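Engineer: Sequences and hints are given; from them, build the entire structure.
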Amino acid sequence: MVDFAGWNLPVQYAGIKDEALAVRSGGAVFDISHMGQLFVSSSIEGAAEAALDRILTSSVSSLKAGFGQYSLLLNDNGGFVDDLIAYRLQDDSYFLVVNASRISEDEAWLRAQLPDDVTLENSSEEFGAIAVQGPKSAKWFEAVQRADGESSPVPLPDRYGILDLPRSTGRFLVCRTGYTGEDGFELFCTSEFLGPWWDAVIDAGATPAGLGARDILRLEKCMSLYGSELTEDRSPIQCGLKFAVDMTKPEFPGRSVLAQQIEHGVDHRLACVKQTGKAPPPRPGYEILQDDRVVGTITSGGLSPTLECGIALVWIENGYHKVGTELMMGIRGKQYPCQVVKKPFV
Amino acid sequence: MSVPENLRYSESHEWVLDDGDGIVTVGITDFAQEKMTELVFVELPDADTEIAAGDELAVVESVKSASDIYAPVSGVVVESNAALEDDPTLVNSAPYADGWLFKIRVSDAAAVESMMDAAAYGNHISE
Chain A
563 MVDFAGWNLP
573 VQYAGIKDEA
583 LAVRSGGAVF
593 DISHMGQLFV
603 SSSIEGAAEA
613 ALDRILTSSV
623 SSLKAGFGQY
633 SLLLNDNGGF
643 VDDLIAYRLQ
653 DDSYFLVVNA
663 SRISEDEAWL
673 RAQLPDDVTL
683 ENSSEEFGAI
693 AVQGPKSAKW
703 FEAVQRADGE
713 SSPVPLPDRY
723 GILDLPRSTG
733 RFLVCRTGYT
743 GEDGFELFCT
753 SEFLGPWWDA
763 VIDAGATPAG
773 LGARDILRLE
783 KCMSLYGSEL
793 TEDRSPIQCG
803 LKFAVDMTKP
813 EFPGRSVLAQ
823 QIEHGVDHRL
833 ACVKQTGKAP
843 PPRPGYEILQ
853 DDRVVGTITS
863 GGLSPTLECG
873 IALVWIENGY
883 HKVGTELMMG
893 IRGKQYPCQV
903 VKKPFV
Chain B
99 MSVPENLRYS
109 ESHEWVLDDG
119 DGIVTVGITD
129 FAQEKMTELV
139 FVELPDADTE
149 IAAGDELAVV
159 ESVKSASDIY
169 APVSGVVVES
179 NAALEDDPTL
189 VNSAPYADGW
199 LFKIRVSDAA
209 AVESMMDAAA
219 YGNHISE
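Chains as they are written, first to last, in our numbering: chain A, 563 to 908; chain B, 99 to 225.
No lab work stands behind these hints, which were simulated from the structure alone. If you're wondering where the values come from, they're calculated on a predicted model, not measured in any experiment. Backbone N, C-alpha and C fix where the C-beta goes; we use that ideal spot for every residue, glycine too. Just so you know, not all the hints are guaranteed correct.
[Said to hold, decoys possible] Have a look at the derived ranges for each label pair, beta carbon to beta carbon:
#, chain 1, residue 1, chain 2, residue 2, range
1, A, G839, B, A192, 24 to 30 Å
2, A, D829, B, S224, 51 to 57 Å
3, B, E225, A, G711, 52 to 58 Å
4, B, G152, A, S685, 52 to 58 Å
5, B, G152, A, E688, 52 to 58 Å
6, B, S100, A, G895, 29 to 35 Å
[As the list claims (entries may be wrong)] 27 Å max Cα-Cα, derived DSSO-like pairs, lysine-lysine:
#, chain 1, residue 1, chain 2, residue 2
7, A, K579, B, K133
8, A, K840, A, K905
9, A, K896, B, K133
10, A, K896, B, K201
11, B, K162, A, K896
12, A, K905, A, K804
13, B, K201, A, K804
14, A, K579, B, K162
15, A, K840, B, K162
16, B, K162, A, K783
17, A, K896, A, K836
18, A, K804, A, K701
19, A, K904, A, K579
20, B, K201, A, K836
21, A, K840, A, K579
22, B, K201, A, K840
23, A, K783, A, K884
Structural biologist: As structure tokens, this is what we get:
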């Protein structure tokens, strides 16, 4: 067990490699109760949408009810406050799922910008959540509903869809999203009622999986992590997240900096690098070199159970990020060959 | 926890086997391999490397962490275990046999005698 953003979380149950392979071949369940849940609403029609559209980078106005979108919260310098998924519920209120380490910062930044007629509720303390990920997830969603006594289970919504299923025990939200690149869902409810859902999905066949597996799975798909790749002084343009930014919007924090970067380019960017020979595992902080010159640093690294080699996300000088570039990883005074590859790794 | 009687031990969890003819084989103990968890990489010294007792001579690495291995005695490295390049987990499955790390020609035979015996090491790891 380790401290993760103030929470006591398991790194692994049976083993990181087995848990990660279980996700891709069948399915596993992660306890993601540490994450944050924010609700944004207004009694005035359209006010919540308009406010979020001016604050988040994505096109909130084109988000349909019953769906979510990957989005970014930026500061005035175009740097990351957080990355998140914003869901529009059927009553035109919004459900934002944010990183555990950024809940306070997100709440403060949003409160500072939301107009008086839009309400923000931080329900993070009250909610728990689990993520079920893998090809069997949809089947297991049916199984856990039956275990709960439901004779007509509902199917999972389409990808990025959200079900808002109020129960006698309180709110119950199920989203077809995840951090592994596999099919799956995330289930949010009042924490005291979450336990039986975990038990039921384990009974259905899910392997319990911890932070170690979670990290290597998202790394295999080249997904960034707040605090490792995404920081307050890096921008979406540098981090390959322009797809989450709608530059046609006239206004959102950081927009002018992004416009500059799109026009003039950036000095550094993220790239995906794979070890090409036998080497120690890549770890954050290791240097990336070419011809003995340091050109970058590893931001996240690990051993891919699927590829059986080391993979890493690196923060690297512009020009060295191109697919095919041959580089070296500096580890304990020796250099080991690696190469920039197209994303995703797997 | 396996602590073979016929070996000598260091405080940093290396074991030494006297092969005779002034050569010793060195590895890490069962206690050490269990703490490390499954090894994914081992860095070993080149043959003919001259070493003093206490020098950092090798590195064993798991997903969890990397640990330095120290020369338990002074001498010259004679050979490193090439099998560990392809299968570092031999250190976990057979720490006193196929998982040996390197062999040293010792410069002072008495140095091995003054190392901890199995009983003393057994006490050391139960503290």
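Engineer: Would you list, in rising numerical order, the hints stated earlier that this structure does not obey?
Structural biologist: 13, 18, 20
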